[in-house]
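Participant: Sequence:
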Amino acid sequence: MKKLTTLLVAAFIASTGTLAFAHGEEAHAKKTGPVKKEQKEWGIAGDAKAVKRTIAVGMSDNMRFTPGNLDVKQGETIRFVIKNTGQVMHEMVIGTKKENDEHAALMVKFPGMEHEEPYMAHVAPGKTGEIIWTFNKPGNFDFACLIAGHYQAGMIGKINVASR
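Under our numbering, the letters of the sequence shown match residues 28 to 191, in that order.
It should be emphasised that the hints constitute simulated quantities derived from the structure, not laboratory data.
One or more hints might be untrue.
[Claimed, not checked] Listed next, the in silico PhoX-like pairs over lysine-lysine satisfying Cα-Cα at most 25 angstroms (straight line): (1) K110 - K63; (2) K154 - K63; (3) K185 - K100; (4) K185 - K63; (5) K110 - K76; (6) K63 - K124; (7) K154 - K185; (8) K67 - K185; (9) K100 - K64.
[To be verified] Estimated spans, in silico, between C-beta atoms of each pair: (10) E141 - S190: 28 to 38 angstroms; (11) Q179 - K76: 30 to 40 angstroms; (12) K64 - N89: 26 to 36 angstroms; (13) E68 - E141: 34 to 44 angstroms; (14) G102 - G139: 35 to 45 angstroms.
For glycine and all other residues, C-beta sits at the position ideal for the given N, C-alpha and C.
Can you build the whole structure from these sequences, using the hints too?
Facilitator: Quick look at the structure:
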């Protein structure tokens, strides 16, 4: 079992590139330096100067996002302004259902895991976070709070990216 756990952690580190511990109720350190631009199935980190639209997303302790369904167009760069109106830490992570399922399972096993990627924002109670993302591929994607228990409680939203 210990070997399997070690392999799972190693696989996660290899797939995300970062791992630290502090994912509980503490805020992540502010992002510094250039944004890591890595093409994902659901798009690529966007540039602030390319933002065409801002979408406000609320997170609350009822384990829901508001709105829960978003429509964007392929090629759009969106600024998500994410407000945590709850009393506990929440996050917004954009990805595929498969990626989020795998990451959520790891978060249950390693709840102290911290990650910093341009497609995620970890937001303390009463605070606001931001993601700037370019949806350069069409498809149906998810956004979710992957903090242990939140995803399992249904804290998931959908993003439909319409092709050009």
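Participant: Determine for every hint whether it applies to the structure shown.
Facilitator: Right, here's what the structure says about each hint:
For the proposed pair K110 and K63, the alpha carbon gap of about 23 angstroms is at most 25 angstroms, so the pair holds. For the proposed pair K154 and K63, the alpha carbon gap of about 24 angstroms is at most 25 angstroms, so the pair holds. For a cut-off of 25 angstroms, the pair hint linking K185 to K100 stands: about 14 angstroms separates their Cα positions. In summary, the hint linking K185 to K63 is supported, as the alpha carbons are separated by about 24 angstroms, within the 25 angstroms threshold.
Our distance criterion of 25 angstroms between C-alpha atoms is met by K110 and K76, whose separation comes to about 22 angstroms. Between K63 and K124 the alpha-carbon distance is near 22 angstroms, which keeps this suggested pair within the 25 angstroms criterion. Distance check on the hinted pair: K154 and K185 sit about 23 angstroms apart at the alpha-carbon level, within 25 angstroms; holds. The suggested pairing of K67 with K185 holds, with an alpha-carbon distance near 17 angstroms, which does not exceed 25 angstroms.
Pair hint K100 plus K64 holds up; C-alpha atoms about 20 angstroms apart against a cutoff of 25 angstroms. Evaluation of the 28 to 38 angstroms hint for E141 and S190 yields a pass: the beta carbon distance comes to about 35 angstroms. Judged by the Cβ atoms, the range 30 to 40 angstroms given for Q179 and K76 holds: they are separated by roughly 38 angstroms. For K64 paired with N89, a C-beta distance near 35 angstroms keeps the hint of 26 to 36 angstroms intact.
A hinted range of 34 to 44 angstroms for the beta carbons of E68 and E141 is inconsistent with their spacing of about 23 angstroms. For G102 and G139, the Cβ-Cβ distance of about 38 angstroms falls inside the hinted range of 35 to 45 angstroms, so the restraint holds.
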